[in-house]
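*Asks:* Residue numbers (the working numbering), protein chains in the order written: chain R, 5 to 453; chain V, 2 to 259.
Possibly wrong hints are sitting among the right ones.
Output of the computed footprint for chain V on chain R, the stretches with three or more beta carbons under 8 Å from beta carbons of chain V [said to hold, decoys possible]:
1) 79-88
2) 182-191
To be clear about the criterion: a stretch of chain V counts as covered by chain R if any three or more of its residues have a C-beta under 8 Å from a C-beta of chain R, and this derived list gives those stretches [as the list claims (entries may be wrong)]:
3) 94-107
4) 221-235
No lab work stands behind these hints, which were simulated from the structure alone.
Glycine is no exception: its CB is placed at the ideal position from the N, C-alpha and C atoms.
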Amino acid sequence: MSPQTFSTHATGAFSADEDAPEYTAYGQDWSDIAEEAKRLGQQRIVVNMGPQHPSTHGVLRVMLEIEGETVTEARAGIGFLHTGIEKNMEFRTWTQGVTFCTRMDYVQSMFQEVVYCLGIEKLLGITDDIPERANVLRVLMMELTRIGSHLVAIGTGGNEMGATTVMTTAFIAREQTFRVIEMITGLRTNNAYIRPGGVSQDTPEGAVDYIRELMPDVKQRLDELADLQLENPIFKLRLKGIANLNLSSAMALGVTGPMLRSAGLPYDMRKTNPYCGYETYDFQVPTSTDEDAYSRVVLRMEECYESLKIIEQCCDRLDAMEGQPVMVADKKIAWPAQLALGPDGQGNSLDHIQHIMGQSMEALIHHFKLVTEGFPVPAGQVYQQIESPKGVLGVHLVSDGGTKPWRAHFRDPGFNHLQALSILCQGGQVADVVVAIATMDFVLGGVDR
Amino acid sequence: MSDKVSKKDAPKKSPVETAPKKTDIEESNVDISSAIPDPEGRAPITLINVREGMFSGAGDTSGFGGLTQAVQMPGSSERPYGEWFDGVVDILEELLGDDADEAFEYVVVDRGELTIYVNRDHLLTVMTHLRDDQDLRFEFCLGVSGVHYPDDTGRELHAVYPMHSITHNRHVRIEVAVAIDDPHMPSITSVYPANNWHERETWDFFGIIFDGHPSLARIEMPDDWVGHPQRKDYPLGGIPVEYKGATIPSPDTRRQYR
Numbered sequence: 005m006s007p008q009t010f011s012t013h014a015t016g017a018f019s020a021d022e023d024a025p026e027y028t029a030y031g032q033d034w035s036d037i038a039e040e041a042k043r044l045g046q047q048r049i050v051v052n053m054g055p056q057h058p059s060t061h062g063v064l065r066v067m068l069e070i071e072g073e074t075v076t077e078a079r080a081g082i083g084f085l086h087t088g089i090e091k092n093m094e095f096r097t098w099t100q101g102v103t104f105c106t107r108m109d110y111v112q113s114m115f116q117e118v119v120y121c122l123g124i125e126k127l128l129g130i131t132d133d134i135p136e137r138a139n140v141l142r143v144l145m146m147e148l149t150r151i152g153s154h155l156v157a158i159g160t161g162g163n164e165m166g167a168t169t170v171m172t173t174a175f176i177a178r179e180q181t182f183r184v185i186e187m188i189t190g191l192r193t194n195n196a197y198i199r200p201g202g203v204s205q206d207t208p209e210g211a212v213d214y215i216r217e218l219m220p221d222v223k224q225r226l227d228e229l230a231d232l233q234l235e236n237p238i239f240k241l242r243l244k245g246i247a248n249l250n251l252s253s254a255m256a257l258g259v260t261g262p263m264l265r266s267a268g269l270p271y272d273m274r275k276t277n278p279y280c281g282y283e284t285y286d287f288q289v290p291t292s293t294d295e296d297a298y299s300r301v302v303l304r305m306e307e308c309y310e311s312l313k314i315i316e317q318c319c320d321r322l323d324a325m326e327g328q329p330v331m332v333a334d335k336k337i338a339w340p341a342q343l344a345l346g347p348d349g350q351g352n353s354l355d356h357i358q359h360i361m362g363q364s365m366e367a368l369i370h371h372f373k374l375v376t377e378g379f380p381v382p383a384g385q386v387y388q389q390i391e392s393p394k395g396v397l398g399v400h401l402v403s404d405g406g407t408k409p410w411r412a413h414f415r416d417p418g419f420n421h422l423q424a425l426s427i428l429c430q431g432g433q434v435a436d437v438v439v440a441i442a443t444m445d446f447v448l449g450g451v452d453r
Numbered sequence: 002m003s004d005k006v007s008k009k010d011a012p013k014k015s016p017v018e019t020a021p022k023k024t025d026i027e028e029s030n031v032d033i034s035s036a037i038p039d040p041e042g043r044a045p046i047t048l049i050n051v052r053e054g055m056f057s058g059a060g061d062t063s064g065f066g067g068l069t070q071a072v073q074m075p076g077s078s079e080r081p082y083g084e085w086f087d088g089v090v091d092i093l094e095e096l097l098g099d100d101a102d103e104a105f106e107y108v109v110v111d112r113g114e115l116t117i118y119v120n121r122d123h124l125l126t127v128m129t130h131l132r133d134d135q136d137l138r139f140e141f142c143l144g145v146s147g148v149h150y151p152d153d154t155g156r157e158l159h160a161v162y163p164m165h166s167i168t169h170n171r172h173v174r175i176e177v178a179v180a181i182d183d184p185h186m187p188s189i190t191s192v193y194p195a196n197n198w199h200e201r202e203t204w205d206f207f208g209i210i211f212d213g214h215p216s217l218a219r220i221e222m223p224d225d226w227v228g229h230p231q232r233k234d235y236p237l238g239g240i241p242v243e244y245k246g247a248t249i250p251s252p253d254t255r256r257q258y259r
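So here's chain V without its partners, still in its complex pose (with noise of 0.2 Å):
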C-alpha cells in the first residue's frame, strides 16, 4: 500500500470552465435553490460527472449540445460544522493525535448529514475509534456501498459507509476514494463483523479490494462472472424490442435525458 494515490498527492484539478453551480444545470427546470445549501465558497471535492448537451446517446436535437458542465460533490465546510458534528471531529482528531490531519481529507456538512473523508491507511483506526471511544459508540456499521466516478481522476471508486450510534442517536458516513488501477483498501471486518457480505457485495459490484477480509469472494453474481456490474462504464445490457413496428432501443443506448 506504499503505491497509495491520496488526494493531497494527486495533482490538483484544474478549476473546471464552467462555474461548479450544480443547480444551474441547463435543462433545470425547478426552482429549488432555496431548499439546497449554498455551494458557492466552498472548494468542490468530488466530480461526479461531466455533462455534455441534453441527452445521452445518438443525436442530441435540443441545440444544448455543445454544452459541458462539470458536477461536484457539495464541497468541503468550515468551521464550526453545527450540531454536535464539531464534537464528534473534535474526539476523533484528539484520538488520531498527529495523525489527523494525514487521516481527514475533508470533512463535510450537506443536508443535515455529516460526511468524513478518510484516507484509506487510517481506516482502520478511525473505524476502532468510532466503535469503541465512549463519546462516539458508534455501534452499526450499515454496509459499505460503493460508488464509481469515472471522472473524479485518481479517485474513482468511492466507499461510503454509514454509521449509526444507538447510545447518541447520531449518525456519520464515513467515505474513502481509492483509484480504480489501484483499488485496495483495508477490511473492516476485524472491527465490524457485519461488513462482511457487504464488503463481499462491494468487491463484486465495484471491484474494491478489501485487504484482510477473510473471504472476499463474488456473492451476488456467479464466481465465473468477468467485470464489476455496478460499475459506470459496464453496460446495462438489454436488447432492442420491436412494438408495434417500432423499434426501442435498450435503456441504455437509448435517447434520453440526463
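Excised from the complex, chain R in its bound form (with noise of 0.2 Å):
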C-alpha cells in the first residue's frame, strides 16, 4: 500500500489532483488505509466500489466520494463488459441477430429477442401476418421471463441486504420459470427462439399441463417472498424513504419501468403502444407514489402476480388454437427447420429431413437459400419498442435492402437508469448505495452491449 499518483477519470467526474494519494483495497485492509488516510490529515476520500463488486449486477464500477458514512458524490463508470454485440450483428444474417441480442441483458433475454424481430417484422411489413399461436407463445415466454427478471432483482438484492433466505428462495421461484422455457425452447436462457416471423418452434407436448402444474409454485413462492419481506422491519428499515427518486427527475432522466412508475406513472408500453395482442389479455399495471426503494420491492412482486395471471390467459389460448401455425406462412422468411429431440439431441427432426431431401425440391431450395444467405429485408429503418421488466427497450434497426443489418442500435432501460444514480445515492449512506443499485434493476450486459 503506497501512495500514488491520482489521475483523471475515466468520466471526468473528479478534478485531477496531482498531489493526491490513491489506495487500493485489497480487503482486510480498511483500518490501516484509514489510518494512513488520518495520518495525512486528507479530507477527500473516494472509493471505488467495483467494478468485481458482487452487488454490481455485473461489472459496474462505482466512485464514490465519501465524508464519513455519506456520500457527497456518487458516479457510475461502464464498460467492462462491452462486447461489441451491434457491431457484430452487422456481419450476420437477420435470423442469426437473433443469437446474438438475446446475450445482451441475459436476464431477460426473451425481451431482446422480441424486440429485435418486431423491429425487423415492421421493416419486412409482415406484423400483421404473425400468427396468433406465435403471438401467444411470445406473450408467455415474454411473461415468463418477466418474472424470472423480477426475481433476480429481488432476490439479489435481498441477498445484498444480507437474506440469503430471499435468494435462494428467488432463485428456486426462477427455476421453475426456467423449467418451462427449457421445455419448451430447449435452453435455460440465451433461447434464440423468438425468430423474425414467428417462434423457432411449437410447444412439446404436455407443455401446457406442465405449465399449469409448476406455476402455483412459483405463486407460492412468491407469497413466501413478500411474507419475508414486506413486514420485516429491518427490510423496511433499510428500504423506506431510501433511493428516492421523483416524477420529474425520472422523466428528465429518461427512467422507465418499474422505477418509473414507483413515483406515480402508470406508464407500461403494454398497455399505451400494444404488440403480440397485449390489449386482449386481462391484466394490471402496478404504481405507486412513494417514489422510493420500498415501493420498487413492492411494485416488482405485484407485476409477478400479474404476470401469473397473463401466463394463466396463455395457457387457455395455446389449449383453443393446438396446432396453429408459429411461423408465417410465407416460405422465403419462415425459418425452414423442425426441430425434434433425438437419441444424440436436439436437432432437425427427421420428417424434415425426408421431406427436404427426399419429397420437395423447392423446400430443399428454400431451407439452402435462408439457411446460408437469409432472406433480404428491403432498405429503410424502423423504431420499435417494448415494455421490458426493467423499463422501455428499444431498437433502432437500419437495412441496406441487404440479408444483413446495415446498423441495429438497442436503447437498454439500464443504461438510462444508471444516469440517476447519482441522484439516488448523493447525500445518503453507503450502505444505501447497495440498496439503490438494487432496486435500481440493470444488468451490465445489457447496459454495456
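Given two chains presented individually in distinct reference frames, assemble the corresponding complex, making use of the accompanying hints.
*Replies:* Okay, structure coming up:
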C-alpha cells in the first residue's frame, strides 16, 4: 500500500489533483487505509466500488466520494462488459442476429429477441401476418422471463442486504420458469427462440399442463418472499424512504419501468402501445407514489402476480389453438427447420430431413437459401419499443436491402437508469448505495452491450 | 459551425445509373413488394450502400460480380403525410417561423413512422419545441443512435433521435446528418438530460462531436482507445480459426452473401 499519483477519471468526474494519494484496497485492510488517511489529514476520500463487487450486478464501477458514512458524490463508470454485439450483428444474417441480441441483457433475454424480431417484421411489413399462436407463445415467454427477471432483482437485492433466504427462495421460483422455458425452447436462457416471422418451434406435448403444474409453486414462493420481506422491520428500515426518485427527475433522466411507476406514472408500453396482442389480455399495471426503494420492490412483486395472470390466459389460448402455425406462411421468410429431440440431442426432425431430401426440391432450395444466405429486408429504418421488466427497451434497425442489418442499436433501460445513480445516492449512506443499485435493477450485459 | 455542410449546399449527386428500385435487388428471392410502401416517384435521399456483386470479400463466383446497385433510403414524402403527422409538422413549422424551410431538410413517412431530417443548426430549437409545446410534448428522448453511411458523400454520419410523447402517445424520429470531416452537432443534453450518456456512446462509437456536452468522454471503450469502432471502415476484427483441417476466416473477411 503506497500512495500513487491520482489520474483523471474516465468520466471526468473528479478534478485531477496531482498530489492526491491513491490507495488500493485488497480486503481486510480498511483500517490501515483509514489510519493512513488520518495521518495525511486528507479530507476528501474517494472510494471505488467495483468493478468486481458482488452488489454491482455485473461489472459496474461506482466512484464514491464520502465523508464518514455519507456519500457526497456518486458516479458510475461502465464499459467493462462491452462486447460489441451491435457491431457483430452487422456481419450476421437477420435471423442469426437473434442469437446475438439475446445475450445483451441475459436476465431478460426473451425481450431483446422479441423487440428485435418485431423491428424486423415492421421493416418487412409482415407485422399483421404473424400467426396468433406465435404471438401467444411470445407473450408466454415474455411473461415467464418477466417473472424470472423480477425474481433476480428481488432475490439478489435481498442477498445484498444480508438475507440469503430471499435469494434462494427467489432463485428456486425462477428455476420453475426456466423449467418451462427449457421444455419449450430447449434452453434455459439465451434461447434464440423468437425468430423473425414467429417462433422457432411449437410447444412439445404436455407443455401447457406442465406450466399449469409449476405455476402454483411460483405463486407460493412469491407469497413466501412477500411474507419474508415486506413486513420485516429491518427490510423496511433499509428500504423505506431510501433512494428516492421523484417523477420529474425520472422523466428528465429517461427512467422507465418500475422505477417510473414507483414515482406515480402508470406508464406501461403493453397498455399504451400494445404489441403481440397485449391489448387482449386482462392485467393491471401496479403503480405507487412512494418514489422509494421499498415501493419498487413491492411493484416488482405485484407485477409477478400480474404476469402469472397473463400466463394463465396464455395457457387457455394455447389449448384452444392446438395445431395452429407458429411461423409466417411465407416460405421465403419462415425458418425452414423443424426441430425434434433425437437420441443424440436436439436437431432437425427426421420428417423434415425426409421432406427436403426425398420429396420436395423447392423445400430444399428454401432451406438452403435461408440457412446460407438469409432473407433480404427492404431498405429503410424502423424503431420498435416494448416494455421489458426493467423499462422501455427500444431497437433502431436500419436495412440496406440486404440479408444483414446495416445497423442495429438497442436502447437498454438500464443504460438510462444508471445515469440516475448520482441522484439516488448523493446525500445518503454508503450502505444505501447497495440498496439503490439493487432496486434500480439493471444488468451490465445490457447496459454495455 | 459556419462551415457547415448541409444537404442543400452540397452538390447534388447525379441520379444513380441503376434505377433505385430498392426491392428489386438481384439476389432477392423474396416477394415482399406488396408489403412495403412503393418507393417510386419519391426523390431518393440517403444513399445507404453501393452493392457490388453478390458476395462480399474476395472471389465472387456467382456470375453477378459486375453488378452495381445503389441502395437508398425511402425518399421525401409529399403532403398529406397522414395520421397525426401533418399536425406535428405544421406545429413545428409554425413555431420555427421563417427558419422552418432551412431547419427541415426532408420529411419522410415510411412504414407508419415519421422521420424529420433536421439541419444541425436548428436541432436545439426543434428539440426545445418538441419538448415544451403543449401540442407536441415529446417528454422522452430515447437516446441517440449513430449510423455511418460511407457512400453518402457530405452526410456520412447520421444521428437518429427517437422521440416519444406520453401525453399524446406519439413517436417521431429526428435525424441529423453531418459530414465525416466536420462531425459537429449541438448536444441536446440541456433539453433532454437523459441523452448525456447516449451522446457519449455515439461519440465513442461513431466520432460525432456533440458541442456543448458537459463531459464528452468515451463511455464503453477504454479512454485511450484509438478510432470509433462502429464506423463502417473500422474492421470487426477476429482471427482465422482452424477447424478439422480447414481454416475459417474471421467474419468480416469471410466470403459471404450481402
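*Asks:* Can you list which hints this structure breaks, lowest number first?
*Replies:* Of the numbered hints given earlier, those the structure breaks are 2, 3, listed in rising order.
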